[in-house]
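Assemble the whole structure, with the sequences as input and the hints as a guide.
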Amino acid sequence: MQYAVNAAAALLVAAMAAGFAQAQTPPLSLVPYVVAGGSIEKPLAAPGNVQRGQAIVLDKSLSSCVLCHVVPDPEHRPMGNIAPPLAGVGARLSAGQMRLRLVDSTLLNAHSIMPPYYRVEGLHQVAPAWRGKPIMSAQQIEDMVAWLLTLKEPPR
Amino acid sequence: MKALLLLAAGMLVAAPAWTQNRVIPQAGLKSGFEFLSPDLKKMQLDDFANPGTLWVDRGEKLWRAEAGAAKKSCADCHGDARASMKGVAARYPQVDRHSGDLMTLEARILQSRVERQKAVPFARESEDLLALSAYVAYQSRGMAMEADIEGAARKHFDAGEAMFFRRRGQLNLNCAHCHDANWGRTLYAERISQGQPNAYPAYRLEWQTLGSLERRLRACLSGVRAEILPFGSPEYADLALYLSWRAKGLPIETPGVRR
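These protein sequence lines are chains A and B, in that order.
Numbering-wise (this note's numbering), the first sequence opens with residue 1 and increments by one.
Numbering-wise (this note's numbering), the second sequence opens with residue 1 and increments by one.
In short, the hints are calculated from the structure, not lab data.
For glycine and all other residues, C-beta sits at the position ideal for the given N, C-alpha and C.
Careful: at least some of the hints might be erroneous.
[What the hints assert, rightly or not] Quick list of simulated restraints, FRET-style, between CB atoms:
1. Ala91(A) x Lys30(B): 34 to 40 Å
2. Ile228(B) x Ala91(A): 40 to 46 Å
3. Lys86(B) x Glu121(A): 48 to 54 Å
4. Trp207(B) x Pro85(A): 30 to 36 Å
5. Asn49(A) x Tyr188(B): 36 to 42 Å
6. Glu121(A) x Cys77(B): 50 to 56 Å
7. Pro74(A) x Gly151(B): 57 to 63 Å
8. Arg154(B) x Ala46(A): 40 to 46 Å
9. Pro230(B) x Gly37(A): 32 to 38 Å
10. Asp39(B) x Ala127(A): 31 to 37 Å
11. Tyr188(B) x Lys42(A): 32 to 38 Å
12. Leu205(B) x Ala127(A): 22 to 28 Å
13. Ala127(A) x Glu34(B): 49 to 55 Å
Structure, rendered in structure tokens:
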């Protein structure tokens with residue numbers, strides 16, 4: 001009950017902070033976060049580790065990023081072209097904007113096809129093995145954010 | 001004027017399903033065949049190289065084999081499949097007149113086997129069921145898909161369409177995200193096809209065997225980390241009907257070869 005009150009208060013505060021700001025109450029199993037002004041400002045976990053983040057983003061079966069995005073990769077592995085290349089994304093987006101897109105990009109654009117990496121509610125027919133679990137942990141999100149922020153060079 | 005408006009309104013309400021909006025216009029339909037490498041295209045087109053031929057041949061033998069307590073073969077009732085089954089697969093899935101259920105070709109074969117032949121039904125995805133369904137669909141090879149979505153089929157079509165556009169699984173994707181909006185683009189290392197059903201049952205290299213459309217749909221569901229429904233679930237038949245309508249005009253390729 002205390003949580004609900006706090007969450008409601010957070011929602012109200014966030015909504016007042018910016019006229020158009022979205023705010024939401026994450027489920028109890030996830031680290032709570034506040035969406036405001038197209039961004040999640042507060043980190044979900046300890047500061048991200050750049051090396052771990054690179055490994056996660058480039059691991060096709062772990063994060064699936066490279067299924068859709070071309071990502072700078074010293075090994076030049078195959079990558080998809082469904083979504084924009086990620087080279088230069090560190091210059092285009094702030095940490096908070098990146099975090100929101102990874103957590104659940106449909107909060108920004110309801111039609112986004114990018115999978116929500118940190119969401120467990122409002123999903124339909126999730127396979128039992130994945131039910132109630134986000135695609136990534138809070139720490140993995142922070143690790144990915146940390147590495148993506150280093151990608152300052154635009155695609156060549 | 002008022003009468004005209006009323007007439008127009010009436011037409012809107014009673015709009016037949018063929019006026020349904022197509023995301024991919026019929027002129028833009030591309031069979032999965034067009035997304036194959038030249039080697040695989042050659043393999044599909046050459047009956048001696050196409051592994052699916054093995055199932056078609058087996059299906060031909062099964063068609064003429066007596067089975068069950070009724071001691072009847074398919075041929076005893078249906079005659080020569082080359083004549084009686086020509087064009088049949090192009091019109092499936094189809095509503096069963098008695099039960100109102102939507103039947104895939106596999107479901108119809110199983111029904112006949114139990115009700116007419118009084119035999120033990122084949123298991124889903126068994127070699128025998130795949131062989132018979134491949135043999136029956138093969139009789140429509142080259143014919144345009146033309147599933148009926150009017151009348152009793154309409155509610156199944158609507159359910160299938162809703163399923164196509166419903167986000168699902170941990171990855172929160174619907175069928176249209178890949179197969180309407182992004183076909184032709186590259187997913188990891190492969191070009192995304194339009195998700196057309198006209199080659200099934202098909203020999204898939206990933207499986208190293210022939211498989212049904214349902215098996216292929218399950219692979220997509222598993223890819224988005226969604227619940228896999230059991231074989232023969234009505235949801236698959238509904239979706240298959242939507243896909244058949246969406247593929248209207250594409251030629252049946254069974255047995256197709258796919259990656």
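Hints, verified against the model:
no. : hint                              : result
1   : Ala91(A) x Lys30(B): 34 to 40 Å   : holds (38 Å)
2   : Ile228(B) x Ala91(A): 40 to 46 Å  : holds (42 Å)
3   : Lys86(B) x Glu121(A): 48 to 54 Å  : holds (51 Å)
4   : Trp207(B) x Pro85(A): 30 to 36 Å  : holds (33 Å)
5   : Asn49(A) x Tyr188(B): 36 to 42 Å  : violated (25 Å)
6   : Glu121(A) x Cys77(B): 50 to 56 Å  : holds (53 Å)
7   : Pro74(A) x Gly151(B): 57 to 63 Å  : holds (60 Å)
8   : Arg154(B) x Ala46(A): 40 to 46 Å  : violated (56 Å)
9   : Pro230(B) x Gly37(A): 32 to 38 Å  : violated (46 Å)
10  : Asp39(B) x Ala127(A): 31 to 37 Å  : holds (34 Å)
11  : Tyr188(B) x Lys42(A): 32 to 38 Å  : holds (33 Å)
12  : Leu205(B) x Ala127(A): 22 to 28 Å : holds (25 Å)
13  : Ala127(A) x Glu34(B): 49 to 55 Å  : violated (31 Å)
Hints 5, 8, 9, 13 from the list above are not met by this structure, while the remaining hints are.
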